[in-house]
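**Q** Just need the whole structure built from these sequences, with the hints factored in.
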Amino acid sequence: MATIHLSINDKSYAVETDAQTSLLTVLREDLDLTGSKYGCGEGQCGACTVLIDGKAQRSCITRVGSVVGKKVTTIEGLVKSDRLHPVQQAFLDESAMQCAYCTSGMIMSAVALLQENMLPSEKEIVDFMDGNVCRCGTYPRIIRAIQRAAKAQAPAVAKGVGR
Amino acid sequence: MSTRAAGQIPLEPERYELRAPAPYHFDLGRRDFFKFLGAGIVVVSVLKPAIVAQESGGGRQRRGESLPQDVDAWLHLGANGKVTVYTGKVEVGQNIRTSLSQAVAEELHIPIGRIELVMGDTQLTPFDMGTFGSRTTPTMNLQLRKVAAAAREELVELAAKQWQADRLQLRAADWKVTDPKTNRTVDYAALLKGQQITRTIAADQPLIPASQWKVAGQSVPRVDGRDLVTGQHRYPSDQKLAGMLYGKVLRPPAFNAGLVSADTKKAEQMGVTVVQDGNFIGVAAPSSRAAESAVDAIHAEWKSEPQISNKELFDYLRKGAADGKDPSGDGDRFESGSVDKALSSADHKLHSTYTVRYIAHVPLEPRAALAKWDGDQLTVWTGTQRPFGVRGQLAEALHIPEDHVRVLMPDTGSGYGGKHTGETAIEAARLARAAKRPVKIIWTREEEFTWAYFRPAGVMDVTSGVGNDGTITAWEFHNYNSGSAGIKPYYEIPNQRIIFHEVNSPLRQGSYRALAATANHFARESHMDELAQAVKMDPLAFRLKNLKNERLRAVFEAAAKQFGWGKTKNPGQGFGMGGGYEKLGNIATFAEVNVDSKSGDVKVVRVVSAFECGAVVNPDNLRNQIEGSNVQGLGGALFEAIEFENGKIRNGRLSQYRVPRFSDLPALETVLLDRKDIPSVGAGECPMIGLAPAIANAIFDATGTRLRALPLVPDGLKQS
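As you go down the protein sequences, you meet chains A and B in turn. Under the working numbering, the first residue of the first sequence is numbered 1, with each subsequent residue one higher. Under the working numbering, the first residue of the second sequence is numbered 1, with each subsequent residue one higher.
One or more of the hints may lead you astray.
Pairs of lysine-lysine, DSS-like flavour, derived with a Cα cap of 30 Å [said to hold, decoys possible]:
#1 K176(B) with K676(B)
#2 K603(B) with K123(A)
#3 K123(A) with K536(B)
#4 K71(A) with K55(A)
#5 K536(B) with K561(B)
#6 K545(B) with K569(B)
#7 K71(A) with K240(B)
#8 K648(B) with K718(B)
#9 K569(B) with K311(B)
#10 K561(B) with K123(A)
#11 K82(B) with K265(B)
#12 K70(A) with K11(A)
#13 K214(B) with K82(B)
#14 K123(A) with K567(B)
#15 K676(B) with K548(B)
#16 K603(B) with K718(B)
#17 K598(B) with K123(A)
#18 K569(B) with K598(B)
#19 K567(B) with K536(B)
#20 K11(A) with K123(A)
#21 K488(B) with K436(B)
#22 K123(A) with K718(B)
#23 K567(B) with K718(B)
#24 K266(B) with K303(B)
#25 K181(B) with K82(B)
#26 K11(A) with K598(B)
#27 K598(B) with K536(B)
#28 K176(B) with K70(A)
#29 K598(B) with K311(B)
#30 K569(B) with K80(A)
Partial chain A-side listing against chain B, Cβ under 8 Å, derived [unchecked claim]:
#31 Y13
#32 V15
#33 L31
#34 G41
#35 E42
#36 I52
#37 T73
#38 T103
The set of hints was computed from the structure by calculation and includes no laboratory data. Just so it is clear, CB atoms sit at the ideal spot from N, CA and C, and this is done for glycine as well.
**A** So this is what it looks like as structure tokens:
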């Protein structure tokens, strides 16, 4: 056991735990940030996706000790002054969910994608998102939501450039 | 098959369920309604005897309980401006929280925002057998419309009395009653004047016809959407209580293993609660990691008998059938005309065997439960499609009366028929009793793969006769183990023999979205193409020649039109169809595949579905369900199968069991046939059943290879 200092959603936390514990377990059990979900425990489903220094990572296979000194963003950190992130809004607008258990991870992956690639093609979306599973099968809606968010975030680019 | 009204179709017996008797309880008396809720109108929906029998399962009688207690829903319209609706149905992603709110909003003429649904809480909501079988829309949606309409009528009557006006002249809308003649208005809450009014719905409660719907019938946004996209919704696995411990159970190395001995000393020294009770060994610890470590420290010896493996599966199912018997009553055996005679005189005779493997539901949220004891009273939060069933299981497992158990079902991370049982609820409750603190258990993915239950595997033998003109004359159909849902053909065939053979399954099996309708439609609709080929007819023309049901013809024709059936194809391309009638809905699915002749890769490129389920309640949500059925169905059709050997699951991880992903997604097109003249029925299951045969038929069209086993191409298409 050790004291581990974390920066999550721009807040500092000190957690008493083993550095080997998964980041997902610390988020959910120690910090009660339950928006990140457990789905498989082996990085295969993406339900636990968070941003670590802006990159999408699977928190279930990330040791908490490895994120010391890095900025972690979870689904709880996306809403700014009560306003939904454009990707969250797009998921609502496209009804891109059924049971929504995958939704946090889908949104976090999509946010990371759009940070890398402002206006991804459908194929780029599919390639990037392929590690996120939606068992309810709302993939077509999620693709539309990401396209919608891309346009909302980059209206000028959307007008001028095709796929 | 003729079209039957929603109330008349028998539920397929959920024959594989671990069914605990769930005697009716309605824990709140009339006075308690008001103590709990304050002044207002309470409207109670009382079930008719026929529906009671059906909804309580398999036509069982309710042990002489008086009918007025058989409530299936109730609503409270409060002076506080809120309407609270109580239903035992639960939300697992079908979005019924929204569609049921729409029903109430429509009949009460109020904004959806005023409505709150309390769902699946055994203390607060009326008994409900469970959320499965696509029953919510045809039954609960209709009941809630009636309940809301009765509340509206009550309000209009109150206003009429107050004004001494003709009630027929008054209008109820936007939380007030208006007299258009005098322009008088009165707020719903003002009409109540602190009174406590109860009424039941009239047998002939008039409802707003679908053609005049304003809120129902629309694609209204999800009522809980914001909580879902912000991660704020608390699923069962997210529940938390002060002082809560984390539970973990030691699993045997194989199915049906018995515990020989266990050494728990090391675990006990770790300061955790260890429970050994028969075959059950579990621990409760302050963190999930501590619980895992403690379980790892337990040394146990198990003993198990040799068990069959999937290599022997289909032989085992055939041999294990209770042959010639009619094992579980109605629906298992159906005979008309003389099959043997018709077969011997048929121009063409055909015999084919089709198989389906065990598959896993893989709900993205594994089973989870949080249990807490207050003295001898148990409260459990868990994700289950049958909260009342799980209450019964808890009472039975823990030897306590049912009225000491409360089960609550927070909206859950999906089920697909896979969460009818209460394993985690029982485990958490047992550990919590020993630890004297609340205990939460979340199954790992491996536990969910191994210790839940599977969609049944099955073998289907079809023998048929057809005339040179394309008229089917004989149809003999045997299903071994997979089930009898959708087993009867909807084609006009004078001579039929249809038998479902129950088998003692080597794996624990249970409900799965669409039950056996997927297997039976796969066999039937594949066989239809084989027959069409035998008489050299176009598969669509062949189906329509043998099909009278207008609703089914309509979906086949609509899908064919959208798909462009009859167009020319490129090398490697193939087109196919499948369709049918299930849970009162009608589906036709057309698929386009591309087969890479070198690699054997099969890609489903495009899927067109035409679906008709009566009057559409929420078009966008309906499309979502149909798309989801196709995506999930893709897995079972193409590559999903459980590998098992001698009591062990061989691919019980997501890295070993392939589920459909973004890259598997075909272009999905959906045609909705909105029949406002027909009562609305459910849509969670039926749209799935046409996909597997459509793909199999399309692969045949592309390659000339007839695949008769699901999954069709787990390792690509092997070229012969």
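**Q** Now tell me, hint by hint, if it's right for this structure.
**A** So, going through the hints one by one against the coordinates:
no.	hint	verdict
1	K176(B) with K676(B)	28 Å, holds
2	K603(B) with K123(A)	15 Å, holds
3	K123(A) with K536(B)	40 Å, violated
4	K71(A) with K55(A)	10 Å, holds
5	K536(B) with K561(B)	22 Å, holds
6	K545(B) with K569(B)	24 Å, holds
7	K71(A) with K240(B)	26 Å, holds
8	K648(B) with K718(B)	28 Å, holds
9	K569(B) with K311(B)	37 Å, violated
10	K561(B) with K123(A)	28 Å, holds
11	K82(B) with K265(B)	56 Å, violated
12	K70(A) with K11(A)	12 Å, holds
13	K214(B) with K82(B)	20 Å, holds
14	K123(A) with K567(B)	27 Å, holds
15	K676(B) with K548(B)	21 Å, holds
16	K603(B) with K718(B)	14 Å, holds
17	K598(B) with K123(A)	24 Å, holds
18	K569(B) with K598(B)	19 Å, holds
19	K567(B) with K536(B)	18 Å, holds
20	K11(A) with K123(A)	36 Å, violated
21	K488(B) with K436(B)	53 Å, violated
22	K123(A) with K718(B)	28 Å, holds
23	K567(B) with K718(B)	27 Å, holds
24	K266(B) with K303(B)	22 Å, holds
25	K181(B) with K82(B)	28 Å, holds
26	K11(A) with K598(B)	55 Å, violated
27	K598(B) with K536(B)	29 Å, holds
28	K176(B) with K70(A)	56 Å, violated
29	K598(B) with K311(B)	28 Å, holds
30	K569(B) with K80(A)	52 Å, violated
31	Y13	16 Å, violated
32	V15	11 Å, violated
33	L31	11 Å, violated
34	G41	6 Å, holds
35	E42	6 Å, holds
36	I52	17 Å, violated
37	T73	12 Å, violated
38	T103	6 Å, holds
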